[in-house]
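Novice: Make a model of the complete structure from these sequences and hints.
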Amino acid sequence: MATMQDYSNKVTPTWCPGCGHFSILRAIQVAASKLEIPIDKFASITGIGCSGRLSGYLNGYSFHGIHGRSLPIAQGIKMANKELVVIAAGGDGDGFAIGTSHTLHAIRRNLNMTYIVLNNQIYGLTKGHTSPLSDTGLETKSTPFGSMDNPLKPGITALAAGATYLAQGFSGLQDQLIDIIVKGIEHDGFSIINVFSPCVTFNKVNTYQWYRENIKNIDEDSTYDSSNYQAAMNKLIETDGLCSGIIYQKNEPSFLDRLQGKDAKPLTDLNLKISKDEFENLLNKFK
Amino acid sequence: MKKNLTLLIGGIQGEGVVSLGTNLMKTLSNLGYYTYGNRNFSSRIKGGNTTMTISIGVEKQLCSKDGLDIILALDKETIDLFNCKLKPNGLILFDSILSSKDLNYKEDSLIPLPITEIAKDLSAPIIKNTRALGFLGRLMGLEQNELSQSLKEKYHTKGDEIVEKNLKALKESYNYDGDIFNKEEYFLSISEKKSSKAVMMGNEAIGFGALMAGCRFIPSYPITPASEVMEYMGKVLPRYGGAMVQVEDEIAAITMAVGVSYGGVRSMTATSGPGISLMMEGIGLAGITETPVVIADIQRGGPSTGLPTKHEQSDLFAIYYGGHGEYSNIILSPSTVEDCFYDTIRAFNLADKYQCPVFILSDLSLGLSPQTIDDLDYNQVVIDRGKIVIKDELSNIERGTFKRYELTKDGVSPRSFPGIINGGHHVTGIEHNELGLPLEKPENRKNMMEKRLNKTAPLENDESIDIYRTNNGNNTLFLTFGSIFGAIKEAAYLSGKKIDFGAIRMIRPLPKKQLTFLLENYDKIVVVENNYRKQLASIIKEELGYHSKIHSITKYDGTNFTINELVEKIGEWA
Ligand SMILES: Cc1ncc(C[n+]2csc(CCOP(=O)(O)OP(=O)(O)O)c2C)c(N)n1
Ligand code: SF4
Numbered sequence: 001m002a003t004m005q006d007y008s009n010k011v012t013p014t015w016c017p018g019c020g021h022f023s024i025l026r027a028i029q030v031a032a033s034k035l036e037i038p039i040d041k042f043a044s045i046t047g048i049g050c051s052g053r054l055s056g057y058l059n060g061y062s063f064h065g066i067h068g069r070s071l072p073i074a075q076g077i078k079m080a081n082k083e084l085v086v087i088a089a090g091g092d093g094d095g096f097a098i099g100t101s102h103t104l105h106a107i108r109r110n111l112n113m114t115y116i117v118l119n120n121q122i123y124g125l126t127k128g129h130t131s132p133l134s135d136t137g138l139e140t141k142s143t144p145f146g147s148m149d150n151p152l153k154p155g156i157t158a159l160a161a162g163a164t165y166l167a168q169g170f171s172g173l174q175d176q177l178i179d180i181i182v183k184g185i186e187h188d189g190f191s192i193i194n195v196f197s198p199c200v201t202f203n204k205v206n207t208y209q210w211y212r213e214n215i216k217n218i219d220e221d222s223t224y225d226s227s228n229y230q231a232a233m234n235k236l237i238e239t240d241g242l243c244s245g246i247i248y249q250k251n252e253p254s255f256l257d258r259l260q261g262k263d264a265k266p267l268t269d270l271n272l273k274i275s276k277d278e279f280e281n282l283l284n285k286f287k
Numbered sequence: 288m289k290k291n292l293t294l295l296i297g298g299i300q301g302e303g304v305v306s307l308g309t310n311l312m313k314t315l316s317n318l319g320y321y322t323y324g325n326r327n328f329s330s331r332i333k334g335g336n337t338t339m340t341i342s343i344g345v346e347k348q349l350c351s352k353d354g355l356d357i358i359l360a361l362d363k364e365t366i367d368l369f370n371c372k373l374k375p376n377g378l379i380l381f382d383s384i385l386s387s388k389d390l391n392y393k394e395d396s397l398i399p400l401p402i403t404e405i406a407k408d409l410s411a412p413i414i415k416n417t418r419a420l421g422f423l424g425r426l427m428g429l430e431q432n433e434l435s436q437s438l439k440e441k442y443h444t445k446g447d448e449i450v451e452k453n454l455k456a457l458k459e460s461y462n463y464d465g466d467i468f469n470k471e472e473y474f475l476s477i478s479e480k481k482s483s484k485a486v487m488m489g490n491e492a493i494g495f496g497a498l499m500a501g502c503r504f505i506p507s508y509p510i511t512p513a514s515e516v517m518e519y520m521g522k523v524l525p526r527y528g529g530a531m532v533q534v535e536d537e538i539a540a541i542t543m544a545v546g547v548s549y550g551g552v553r554s555m556t557a558t559s560g561p562g563i564s565l566m567m568e569g570i571g572l573a574g575i576t577e578t579p580v581v582i583a584d585i586q587r588g589g590p591s592t593g594l595p596t597k598h599e600q601s602d603l604f605a606i607y608y609g610g611h612g613e614y615s616n617i618i619l620s621p622s623t624v625e626d627c628f629y630d631t632i633r634a635f636n637l638a639d640k641y642q643c644p645v646f647i648l649s650d651l652s653l654g655l656s657p658q659t660i661d662d663l664d665y666n667q668v669v670i671d672r673g674k675i676v677i678k679d680e681l682s683n684i685e686r687g688t689f690k691r692y693e694l695t696k697d698g699v700s701p702r703s704f705p706g707i708i709n710g711g712h713h714v715t716g717i718e719h720n721e722l723g724l725p726l727e728k729p730e731n732r733k734n735m736m737e738k739r740l741n742k743t744a745p746l747e748n749d750e751s752i753d754i755y756r757t758n759n760g761n762n763t764l765f766l767t768f769g770s771i772f773g774a775i776k777e778a779a780y781l782s783g784k785k786i787d788f789g790a791i792r793m794i795r796p797l798p799k800k801q802l803t804f805l806l807e808n809y810d811k812i813v814v815v816e817n818n819y820r821k822q823l824a825s826i827i828k829e830e831l832g833y834h835s836k837i838h839s840i841t842k843y844d845g846t847n848f849t850i851n852e853l854v855e856k857i858g859e860w861a
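Those sequence lines, one after another, are chains A and B. In terms of this note's numbering, the first sequence is residues 1 to 287. In terms of this note's numbering, the second sequence is residues 288 to 861.
Read the hints as simulated data drawn from the structure, not as lab findings. Certain hints may be false.
Only part of the chain B face toward chain A is listed, based on derived beta-carbon distances under 7 Å [stated by the list, open to error]:
hint	residue
1	Gly501
2	Arg503
3	Gly550
4	Ile826
5	Glu829
6	Leu831
Think about it this way: if two alpha-carbon atoms lie no more than 25 Å apart in a straight line, the pair counts; the simulated BS3-like pairs of lysine-lysine are [claimed, not checked]:
hint	chain 1	residue 1	chain 2	residue 2
7	A	Lys285	B	Lys452
8	A	Lys287	B	Lys728
9	A	Lys287	B	Lys452
10	B	Lys439	A	Lys285
11	B	Lys522	A	Lys287
12	B	Lys674	A	Lys273
13	A	Lys287	B	Lys289
14	B	Lys690	A	Lys273
15	A	Lys127	B	Lys728
16	A	Lys41	B	Lys439
17	B	Lys347	A	Lys285
18	B	Lys522	A	Lys273
19	B	Lys363	A	Lys10
20	A	Lys276	B	Lys445
21	A	Lys265	B	Lys678
22	A	Lys262	B	Lys522
23	A	Lys287	B	Lys690
24	B	Lys522	A	Lys265
25	A	Lys287	B	Lys290
26	B	Lys728	A	Lys10
27	A	Lys41	B	Lys678
28	B	Lys690	A	Lys41
29	B	Lys678	A	Lys287
30	A	Lys287	B	Lys439
31	B	Lys522	A	Lys285
All values derive from a computational prediction rather than experimental measurement. For glycine and all other residues, C-beta sits at the position ideal for the given N, C-alpha and C.
Specialist: See the structure below:
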């Protein structure tokens with residue numbers, strides 16, 4: 001039996017006490033232990049930000065890359081060895097400012113991996129600058145007169161890009177968070193999980209209290225059908241994105257499935273030697 | 288009878304000029320001739336004049352020749368633009384739908400041929416090319432069945448009907464009755480039948496080399512003049528279990544390649560200047576995380592979009608010094624298509640051996656000029672993965688103790704790939720300790736910097752400069768890189784001066800030992816390069832001094848050196 005401790009490397013996080021990111025780290029560790037993911041096959045990849053430090057606290061193979069690029073690195077690792085369980089994670093700036101394009105294209109490629117957005121609607125690591133997910137009017141160091149841009153809607157954006165698994169969670173709602181991470185990892189395709197994760201130091205508006213009052217829990221609505229695309233869109237519009245649970249899920253093949261079929265060997269297992277005859281054939285194509 | 292012949296085919300872009308040229312080159316190469324095709328095109332896809340100059344000979348052809356023996360014009364612009372390059376006894380064959388009255392050139396060299404006319408009867412655009420091939424083949428004294436054979440090979444996948452139509456068109460044009468075809472003036476002579484050879488571009492050779500080297504994944508973003516690398520690999524990789532993926536941008540391309548390589552699979556990407564600029568941060572990530580990755584840079588004119596379809600060698604500073612911070616990288620600079628193949632294999636082996644980014648620095652002329660190559664040697668395909676942990680090697684160590692960045696004597700530490708039991712570790716672009724965990728302490732920083740920056744030093748002793756000596760007593764060495772090598776070789780031969788020249792095949796780390804020897808033993812080294820700031824010469828001066836001995840010849844107008852230019856320039860020094 002695996003325990004959540006098996007997935008911790010015992011390094012003490014440098015996060016501020018009370019930071020929402022702690023619960024996400026814990027939820028990932030619990031989800032991994034519930035699924036008994038072999039530690040040597042567990043790969044976590046993060047971007048840069050307070051959120052980016054997360055991979056540095058996980059056991060297994062962990063890769064802390066560059067700002068906004070956790071997804072291409074993670075997809076590369078998954079493409080190399082599709083038998084790994086790959087989890088990418090990063091902040092809202094990482095995934096929806098500098099890395100937006102990778103987020104959309106990773107969704108389209110639909111590799112079987114999980115992407116967790118640690119969404120505090122602000123830039124924590126740079127000490128309080130606005131994020132594309134900050135609400136209009138939010139006063140930050142870079143928006144002294146309040147944020148003037150309209151926020152991006154991560155849920156609708158993900159659905160529009162063709163997400164095959166979209167869930168949202170909240171650091172203050174552990175059980176559900178664990179559940180949507182477990183199901184996201186189990187989902188055969190790209191799962192994107194947007195987690196509201198309060199930054200207690202720099203975001204004085206979107207606090208635990210604020211999220212508790214504003215987030216609608218989808219699990220409380222027994223009639224909700226997460227396979228209904230229209231319903232998912234409606235839910236996001238109705239709640240202005242402030243809902244938690246599995247919002248949408250469907251099955252579709254990944255880039256690799258389409259290119260090589262489901263049963264293909266992982267790239268790491270390929271025999272690299274090309275015979276002399278094969279070599280001659282390849283050369284003859286140029287004749 | 289001719290031993291060498293230079294032919295220019297010109298027409299409207301998008302109408303198959305390149306395909307006709309390549310087909311002719313393949314036919315000739317099958318017969319044992321050497322050919323070199325120089326494409327000249329603009330950024331437009333359709334419309335606009337495009338040409339392909341083909342140099343043909345019984346000896347290796349490494350560049351385009353200056354004077355033209357034959358022009359085959361499928362549009363009027365070709366004649367207007369290129370008749371000035373025609374040699375005194377040259378011929379202009381032109382499509383007879385162009386009225387000869389409009390063509391202001393001396394009558395007796397103008398030969399109208401019914402290229403489109405009969406092509407129309409047979410109603411397929413490729414027929415026009417076949418017609419032209421028939422005329423050219425006949426003019427050069429090739430056998431009809433040799434031409435038919437090449438058409439069969441080219442079209443056999445398209446069905447019998449297409450093959451038949453083409454053979455019919457070929458027959459008609461080959462047997463066309465014109466005075467010009469009865470002279471033997473333009474017949475090619477080949478003394479003995481040589482073995483059939485391949486026609487390849489530098490970009491294809493890089494792709495082929497990568498495949499042979501065991502690269503099984505290439506994420507890439509299309510860009511002229513590098514796209515052929517990903518296109519070739521996209522075609523062949525799935526057969527060997529691998530994949531090419533066209534990603535969203537070059538940042539994704541390099542970081543995904545880093546991910547794949549970290550995952551345990553050889554990976555590369557290919558791009559040109561603008562892509563290199565975007566990749567810099569990702570390349571630095573490979574540098575500090577000591578992840579092997581291969582990047583082919585097929586240079587074009589910069590900065591910004593610059594001259595997207597023209598030749599230049601101005602990315603050297605960017606990749607030599609590029610990216611913020613300091614880390615080791617290796618720059619290989621192939622100078623022929625064969626080099627592109629072997630150097631790509633070497634690039635993968637060096638990347639694994641030294642665990643750092645390796646560039647293959649090519650250029651537009653080398654990347655995109657199809658040419659007849661000598662047989663590639665299978666025995667030189669060697670795959671060496673460097674220091675890696677194999678499957679059960681770590682089963683006895685305690686989890687979490689694997690030192691991915693162990694401080695070793697040679698600065699290189701064993702890698703373990705995800706999936707390997709007890710090999711788990713952290714990797715970060717932040718300065719880290721031997722375990723890979725963040726650590727900012729000055730002592731650790733110093734150790735890690737020295738580890739990463741010194742590890743490629745052994746390569747400084749490499750003999751990476753190919754030198755061609757003529758021992759004529761003149762004490763000047765002409766040194767170049769990339770496609771200029773071919774032009775220098777030809778110019779050296781033509782100038783009659785018997786000069787010494789060389790191509791540098793690895794620019795970083797600079798082969799200091801060999802260069803120092805050369806600088807000690809020559810009075811002058813003249814560095815020939817296609818950029819304004821004398822980039823290679825500056826790097827050599829910066830690293831080794833010898834300022835008064837190092838001189839430069841540069842050209843930065845978007846075109847490669849012509850042989851005549853080089854003959855003249857060489858004359859000024861030698
Ligand atoms: C290319 C680049 N630009 C800027 C930065 C500086 N930077 C570091 S983290 C960050 C944003 C952090 O915000 P977010 O991604 O939301 O994560 P959080 O810290 O809130 O968890 C920025 C702008 C960087 N590291 N790299
Ligand atoms: S600054 Fe904000 S996001 Fe960063 S650790 Fe502190 S609370 Fe968390």
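Novice: Take the hints in turn and mark each one as holding or not.
Specialist: The hints, checked one at a time:
1. With 7 Å as the threshold, the beta carbon of B:Gly501 comes within range of chain A, its nearest partner Cβ sitting at about 3 Å, so the hint holds.
2. Checking B:Arg503 against chain A: minimum C-beta separation of about 5 Å stays under 7 Å; hint holds.
3. Checking B:Gly550 against chain A: minimum C-beta separation of about 3 Å stays under 7 Å; hint holds.
4. Nearest Cβ of chain A to the Cβ of B:Ile826: about 27 Å, over the 7 Å cut. The hint is violated.
5. For B:Glu829, the shortest C-beta to C-beta distance to chain A is roughly 29 Å, which exceeds 7 Å, and the interface hint is violated.
6. For B:Leu831, the interface hint is violated, the least distance from its beta-carbon to any beta-carbon of chain A being 34 Å, above 7 Å.
7. Only pairs whose Cα atoms come within 25 Å are accepted, and A:Lys285 paired with B:Lys452 is accepted, the gap being roughly 23 Å.
8. Distance check on the hinted pair: A:Lys287 and B:Lys728 sit about 59 Å apart at the alpha-carbon level, beyond 25 Å; violated.
9. Annotation: proposed proximity of A:Lys287 to B:Lys452 holds, straight-line Cα distance about 22 Å (limit 25 Å).
10. For the suggested pair B:Lys439 and A:Lys285, the alpha carbons sit about 14 Å apart, so the restraint of at most 25 Å is met.
11. Between the alpha carbons of B:Lys522 and A:Lys287 the distance comes to roughly 17 Å, so the proposed pair stays at or under 25 Å and holds.
12. Between B:Lys674 and A:Lys273 the CA atoms are separated by roughly 19 Å; this keeps the pair inside 25 Å, and the hint holds.
13. Between A:Lys287 and B:Lys289 the alpha-carbon distance is near 24 Å, which keeps this suggested pair within the 25 Å criterion.
14. A hinted pair counts as satisfied when its Cα atoms are at most 25 Å apart, and B:Lys690 with A:Lys273 does not qualify at roughly 30 Å.
15. With a C-alpha separation of about 23 Å, the suggested pair A:Lys127 and B:Lys728 falls inside the 25 Å cut-off, and the hint holds.
16. For the hint pairing A:Lys41 with B:Lys439, the CA-to-CA distance comes to about 51 Å; that exceeds 25 Å, so the pair is violated.
17. A distance of roughly 21 Å separates the Cα atoms of B:Lys347 and A:Lys285; the hinted pair therefore holds under the 25 Å criterion.
18. Taking the CA atoms of B:Lys522 and A:Lys273, the gap is near 18 Å; set against the 25 Å cutoff, the hint holds.
19. Restraint check: the Cα-Cα separation between B:Lys363 and A:Lys10 comes to about 76 Å, which exceeds 25 Å; the hinted pair is violated.
20. In summary, the hint linking A:Lys276 to B:Lys445 is not supported, as the alpha carbons are separated by about 28 Å, beyond the 25 Å threshold.
21. Using a Cα cut-off of 25 Å, the hinted pair A:Lys265 and B:Lys678 holds, with the two alpha carbons roughly 17 Å apart.
22. Between A:Lys262 and B:Lys522 the CA atoms are separated by roughly 20 Å; this keeps the pair inside 25 Å, and the hint holds.
23. At most 25 Å may separate the alpha-carbon atoms for a hinted pair to count; A:Lys287 and B:Lys690 exceed this at roughly 49 Å.
24. Pair hint B:Lys522 plus A:Lys265 holds up; C-alpha atoms about 19 Å apart against a cutoff of 25 Å.
25. Distance restraint check for A:Lys287 and B:Lys290: the Cα-Cα separation of roughly 22 Å lies within the 25 Å cut-off, and the hinted pair is therefore satisfied.
26. Taken as a hint, the B:Lys728 and A:Lys10 pair is honoured in the structure, with Cα atoms around 20 Å apart against an allowance of 25 Å.
27. For the hint linking A:Lys41 to B:Lys678, the alpha-carbon distance of about 13 Å falls within 25 Å, and the restraint holds.
28. A C-alpha spacing of about 18 Å is found between B:Lys690 and A:Lys41, which places the hinted pair at or below 25 Å, so the restraint holds.
29. Of the pairs offered as hints, the one joining B:Lys678 and A:Lys287 is violated, with about 41 Å between alpha carbons and a cut-off of 25 Å exceeded.
30. Distance restraint check for A:Lys287 and B:Lys439: the Cα-Cα separation of roughly 13 Å lies within the 25 Å cut-off, and the hinted pair is therefore satisfied.
31. Note on B:Lys522 and A:Lys285: the hinted pairing holds, with a Cα-Cα distance of about 12 Å set against a maximum of 25 Å.
Hint compliance for this structure: hints 4, 5, 6, 8, 14, 16, 19, 20, 23 and 29 are not met, and every other hint is.
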